[in-house]
Amino acid sequence: MEIFFILLIPLLLMACALAAKKIEELGYACALGYLAVFLLSLSLAATFLSSGAPISYFNFFYADALSVLFVLLISLVSFCAAVYSIGYIACDLQKGVITFRKARVYYLLFNAFCLSMLAVPLLNNMGMLWAAVELTTLVSTFLVGFYTTKHSVEAAWKYIIICSVGIILALLGTILFVYAVFFSSGLKSLNWTDMMACTGSLDKNILQIAFIFILVGYGTKAGLAPMHTWLPDAHSQAVSPVSALLSGVLIKTALYALLRYCMIVNKGMGTNHAGNYLIFFGLLSMAVAGVLILVQKDLKRFLAYSSVEHIGVICVGLGLGSAIALYGALLHVFNHAITKSLMFLGAGSIIKRYDKHNINAIRGVIAVMPFTGVLFFLGMFALAGFPPFSIFISEALIVISAFLAKAYWPAGLALFFIALIFAAMILRFPGMLFGQRPPDQEKTPEPLSTKLSLGFLLALACLMGFWVPGPFGRLLDQAVGLLRGV
Amino acid sequence: MFCMLTAAYGMLSAKRMTALIANFRLQSFFLFVLTLREAAKAGNAGLYIVAGLLFAVKVLAIPVFLFKIAKNIKVSENLGLLVNSQLSLAAGFLFTWGGWAFSRQLFGGRPVLMYTFTAVAFAVMAMGMFLMMFRMAALAQIVGLLVMENALFLLCEAVSGGMPFFVEFAIFFDVLVSVIILGIFVYRINKLFTHINVNKLTNLRG
Numbered sequence: 001m002e003i004f005f006i007l008l009i010p011l012l013l014m015a016c017a018l019a020a021k022k023i024e025e026l027g028y029a030c031a032l033g034y035l036a037v038f039l040l041s042l043s044l045a046a047t048f049l050s051s052g053a054p055i056s057y058f059n060f061f062y063a064d065a066l067s068v069l070f071v072l073l074i075s076l077v078s079f080c081a082a083v084y085s086i087g088y089i090a091c092d093l094q095k096g097v098i099t100f101r102k103a104r105v106y107y108l109l110f111n112a113f114c115l116s117m118l119a120v121p122l123l124n125n126m127g128m129l130w131a132a133v134e135l136t137t138l139v140s141t142f143l144v145g146f147y148t149t150k151h152s153v154e155a156a157w158k159y160i161i162i163c164s165v166g167i168i169l170a171l172l173g174t175i176l177f178v179y180a181v182f183f184s185s186g187l188k189s190l191n192w193t194d195m196m197a198c199t200g201s202l203d204k205n206i207l208q209i210a211f212i213f214i215l216v217g218y219g220t221k222a223g224l225a226p227m228h229t230w231l232p233d234a235h236s237q238a239v240s241p242v243s244a245l246l247s248g249v250l251i252k253t254a255l256y257a258l259l260r261y262c263m264i265v266n267k268g269m270g271t272n273h274a275g276n277y278l279i280f281f282g283l284l285s286m287a288v289a290g291v292l293i294l295v296q297k298d299l300k301r302f303l304a305y306s307s308v309e310h311i312g313v314i315c316v317g318l319g320l321g322s323a324i325a326l327y328g329a330l331l332h333v334f335n336h337a338i339t340k341s342l343m344f345l346g347a348g349s350i351i352k353r354y355d356k357h358n359i360n361a362i363r364g365v366i367a368v369m370p371f372t373g374v375l376f377f378l379g380m381f382a383l384a385g386f387p388p389f390s391i392f393i394s395e396a397l398i399v400i401s402a403f404l405a406k407a408y409w410p411a412g413l414a415l416f417f418i419a420l421i422f423a424a425m426i427l428r429f430p431g432m433l434f435g436q437r438p439p440d441q442e443k444t445p446e447p448l449s450t451k452l453s454l455g456f457l458l459a460l461a462c463l464m465g466f467w468v469p470g471p472f473g474r475l476l477d478q479a480v481g482l483l484r485g486v
Numbered sequence: 001m002f003c004m005l006t007a008a009y010g011m012l013s014a015k016r017m018t019a020l021i022a023n024f025r026l027q028s029f030f031l032f033v034l035t036l037r038e039a040a041k042a043g044n045a046g047l048y049i050v051a052g053l054l055f056a057v058k059v060l061a062i063p064v065f066l067f068k069i070a071k072n073i074k075v076s077e078n079l080g081l082l083v084n085s086q087l088s089l090a091a092g093f094l095f096t097w098g099g100w101a102f103s104r105q106l107f108g109g110r111p112v113l114m115y116t117f118t119a120v121a122f123a124v125m126a127m128g129m130f131l132m133m134f135r136m137a138a139l140a141q142i143v144g145l146l147v148m149e150n151a152l153f154l155l156c157e158a159v160s161g162g163m164p165f166f167v168e169f170a171i172f173f174d175v176l177v178s179v180i181i182l183g184i185f186v187y188r189i190n191k192l193f194t195h196i197n198v199n200k201l202t203n204l205r206g
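As they're listed, the protein sequences go chains S and A.
Using my numbering, the first residue of the first sequence is number 1, and each one after it goes up by one.
Using my numbering, the first residue of the second sequence is number 1, and each one after it goes up by one.
Hints are not guaranteed to be accurate.
Unchecked claim - Each computed DSSO-like pair below joins lysine-lysine, with the alpha-carbon atoms no more than 27 Å apart:
| hint | chain 1 | residue 1 | chain 2 | residue 2 |
| --- | --- | --- | --- | --- |
| 1 | S | Lys188 | A | Lys41 |
| 2 | S | Lys102 | A | Lys191 |
| 3 | A | Lys74 | S | Lys150 |
| 4 | S | Lys150 | A | Lys200 |
| 5 | S | Lys150 | A | Lys41 |
| 6 | S | Lys356 | A | Lys200 |
| 7 | S | Lys150 | A | Lys68 |
| 8 | S | Lys297 | A | Lys200 |
| 9 | S | Lys356 | A | Lys41 |
| 10 | A | Lys191 | S | Lys95 |
| 11 | S | Lys352 | A | Lys191 |
Keep in mind that the hints were calculated from the coordinates and are not lab data.
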């Protein structure tokens with residue numbers, strides 16, 4: 001039953017947003033609502049782990065280890081973004097940047113966005129999954145263009161157009177998959193479970209071509225280079241809690257859809273067919289991000305390019321296909337989501353305080369906002385993959401597995417690009433964080449909601465670097481087994 | 001099916017927004033007729049509903065909405081052709097050949113009628129993408145997207161006799177919502193930039 005409540009709560013919160021009289025109360029309701037969603041996701045994980053079998057309702061909703069993992073991730077980041085939004089939106093309202101009506105619209109869209117993302121991993125029908133992914137784009141477009149400035153409207157336009165073209169190609173791939181199933185077994189079904197059941201007899205030629213469309217389609221939404229061009233624009237212009245959601249979980253939902261098809265293709269072809277494509281696009285994404293990040297001056301664009309890099313790291317891990325690599329890749333999905341959310345939320349607070357996006361124009365963050373400044377500084381190391389933070393563990397697992405598989409070139413290139421991006425961070429961020437407090441900036445207390453969300457995310461990034469909790473580890477193991485077809 | 005292709009050629013050679021939207025409406029109407037014929041042949045109630053939705057959404061609602069935007073934004077009717085009509089048409093013929101070749105490779109050995117359908121679908125899809133890439137007006141990008149969706153619909157009809165009804169419904173809903181959102185953003189672009197030329201949206205680069 002958890003599945004229904006997980007989807008029902010954001011729906012109820014949307015209704016609350018329409019009826020709300022006070023924005024702060026609405027913010028608290030949302031935070032509590034997503035805390036409940038997170039707890040329900042934990043309960044779903046516990047139910048799944050105790051029974052060991054996928055949970056299915058009406059052959060429409062379906063939750064196996066992979067779904068549960070992604071639901072857990074989405075609910076966690078949504079909760080943090082909801083907590084952070086309390087102070088952020090209240091501040092916008094207080095400064096007169098937005099009206100009360102617009103603040104309500106924000107919460108309405110925020111909840112619709114979370115709902116559509118939560119639906120993606122819980123659907124068995126690949127046509128409905130496609131519709132849910134498309135819905136995430138449609139809803140989040142307004143959140144990207146929320147401030148209605150020239151920059152944000154331009155970013156929103158590019159976002160919806162590029163992602164819509166991508167998603168149409170994904171639909172083309174879906175139709176070809178349906179045809180492959182229909183032609184081989186006479187079964188007219190879009191259910192993933194049905195598709196997996198008849199993979200042995202699928203036409204390999206069609207399967208290969210269909211997968212290319214799926215890869216380009218969902219890869220566009222996942223931010224894989226060279227289809228990533230919407231990502232830096234959208235992530236930099238969105239409202240900061242939404243930037244965290246876009247970077248932390250939205251691109252992962254597209255990756256989830258891609259993974260479902262990878263499983264069908266690999267089983268149908270009898271080899272790690274999808275793996276080669278994933279390694280290629282993964283390395284390409286890392287290369288593009290590694291070069292372009294060096295010239296970024298906008299703080300949020302810088303972080304957006306880092307997301308392109310990390311999606312590349314994940315794809316390399318998934319492409320390698322060994323148990324260690326897959327474990328590392330799935331762990332990296334989680335680690336990147338929490339660390340990048342921390343950084344985007346921190347960046348949001350910094351930009352709001354200084355009213356500047358340019359890294360070179362921002363100085364003395366730690367002196368002005370000690371809590372955010374210190375956490376942002378630590379987050380920088382976490383994001384760069386420095387020990388003892390969690391990203392170090394997952395990146396190390398992926399690189400080690402590449403060496404073990406004798407994939408020396410991918411391993412070497414991945415290491416090079418990771419080092420390049422680390423260097424870019426070290427060059428850019430300390431200048432912004434340290435130094436004297438600018439005379440026009442007063443040291444004022446930071447909102448509690450900001451402290452709570454940033455603190456929680458950093459604690460999690462640290463904790464996961466030392467210890468993967470037992471049930472979570474078992475969930476990862478089962479997801480790895482699923483991906484390997486064991 | 002060939003009428004859909006002809007309408008796509010019409011869109012490639014169109015120089016004005018109203019001509020483009022009218023051709024899109026025509027193409028959607030042909031798609032509606034095709035779906036209706038399939039529904040009658042199969043006696044499938046679901047397909048009748050899909051045909052009805054097609055007519056309501058793509059033949060009536062969306063073109064009316066697009067015409068209204070074109071009228072309200074008060075900018076030049078010109079589509080802003082990056083590639084002129086003649087060359088665009090030549091590209092259209094090339095896409096038709098490409099669609100045929102691709103379809104034969106993918107569905108070779110299946111009934112000729114089927115891969116003729118799929119060839120037209122692939123060609124129309126490529127033409128939709130061409131419109132999005134080589135027309136500067138934001139409205140043309142919306143129409144290009146819709147043309148691609150029409151092509152997908154045709155492909156789906158050809159290869160699997162359509163998707164399950166609730167999936168078709170979800171796709172229609174998504175199409176309608178996306179056009180409304182795109183329309184709203186065309187208004188916003190026009191208000192902020194005083195034009196709807198997407199090639200001039202260059203504030204965000206790098």
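Here's how the hints hold up against the structure:
1. S:Lys188 / A:Lys41: Within the cut-off at roughly 18 Å; holds.
2. S:Lys102 / A:Lys191: Given that 27 Å is the threshold and the Cα spacing comes to 19 Å, the pair holds.
3. A:Lys74 / S:Lys150: Status holds; Cα separation ~19 Å.
4. S:Lys150 / A:Lys200: holds (12 Å)
5. S:Lys150 / A:Lys41: violated (52 Å)
6. S:Lys356 / A:Lys200: holds (24 Å)
7. S:Lys150 / A:Lys68: holds (23 Å)
8. S:Lys297 / A:Lys200: holds (22 Å)
9. S:Lys356 / A:Lys41: Roughly 63 Å between the alpha carbons, so the hint for Lys356 (chain S) and Lys41 (chain A) is violated.
10. A:Lys191 / S:Lys95: holds (24 Å)
11. S:Lys352 / A:Lys191: holds (26 Å)
The structure shown violates the earlier hints numbered 5, 9.
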